[in-house]
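Q: Sequence:
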Amino acid sequence: MSKALQAQYAEYQASLELRDLNGFGRLTARNYDAYLLKQYLQPSATAYLADLSDADRTTYLAANPFISWSAGKATFTWDDFLTHVGARKKSAPAFDAFDLSTGENNEFRTGTTRSRHFTAYGLKNDTTGVTNKRLESDIPQKLDLMNPMYHLAKKNPGRAKHWWIRLGTKDGDTSLNISANFAAALDNLGDNVSHLYYWDEGHGANIDAADFITWIAKVTGHRPN
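Take the sequence shown: its position 216, counted from the start at 1, is 454 in my numbering, and no numbers get skipped.
Any given hint might turn out to be false.
Said to hold, decoys possible - As a list, the in silico DSSO-like pairs of lysine-lysine whose alpha-carbon atoms are at most 27 Å apart: (1) K241 to K276; (2) K362 to K241; (3) K380 to K392; (4) K408 to K328; (5) K328 to K380; (6) K362 to K380; (7) K311 to K380; (8) K328 to K241; (9) K399 to K456; (10) K408 to K241; (11) K327 to K392; (12) K399 to K276; (13) K399 to K380; (14) K380 to K327; (15) K327 to K241.
Keep in mind that the hints were calculated from the coordinates and are not lab data.
Produce the complete structure using the sequences and hints provided.
A: Spelled out as structure tokens, the structure:
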């Protein structure tokens, strides 16, 4: 399943035609690991380690020897980062389960039908006895309504122009690519984007709320009370 989904994702990523934020180039499935390392992950680890005391930094680096610390910067490989993060919390496929068991399957319920497939791949591999050969006709529109990338592709001139986006590097529920693609799409449209990953934080982390308030004040011109 992972191999099949990997191939589908490569096609999807190419279809987005996204450029990165700082001159890295066109984002593809082939170069995304290097992009995440350079643009986000190594800077995130650097900021985290720089904020520690000398003693705490020495202890952390001793416990995580995959990180090289030199001239105030952290470097490491993609493979070592994946080992550090550990196992993902979701199996494959993560959302459109073959047995219609996920909350996302239930999200597409209709009438007396409790759960439905919303991808061709999930439907093709259904294990519940569904006889449909094609996704039901209302599914594509519902997917578009839920997908911010769909609306950004239309440029949507009434959208917000300032964006604060955060994710934890150890988020086992959400792929790092999700927010990175979102941030790149916004940047490609010329919007003001502040996008960072919190080092070693998980799903739903929020550790710089004060910085967020300061950012709002700067964007709006209103001083925080």
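Q: Run every hint past the structure and note whether it holds.
A: Evaluated hints:
1. K241 to K276: Holds: K241 and K276 sit about 26 Å apart, inside 27 Å.
2. K362 to K241: 16 Å, holds
3. K380 to K392: 16 Å, holds
4. K408 to K328: Given that 27 Å is the threshold and the Cα spacing comes to 13 Å, the pair holds.
5. K328 to K380: 23 Å, holds
6. K362 to K380: Roughly 19 Å separates the two Cα atoms, so the pair holds.
7. K311 to K380: 44 Å, violated
8. K328 to K241: Since the Cα atoms of K328 and K241 sit roughly 16 Å apart, the hinted pair holds (cutoff 27 Å).
9. K399 to K456: 14 Å, holds
10. K408 to K241: 23 Å, holds
11. K327 to K392: 33 Å, violated
12. K399 to K276: Between K399 and K276 the Cα gap is close to 25 Å, so the pair holds against 27 Å.
13. K399 to K380: Holds - the C-alpha atoms of K380 and K399 are around 25 Å apart, at most 27 Å.
14. K380 to K327: Roughly 26 Å between the alpha carbons, so the hint for K380 and K327 holds.
15. K327 to K241: 18 Å, holds
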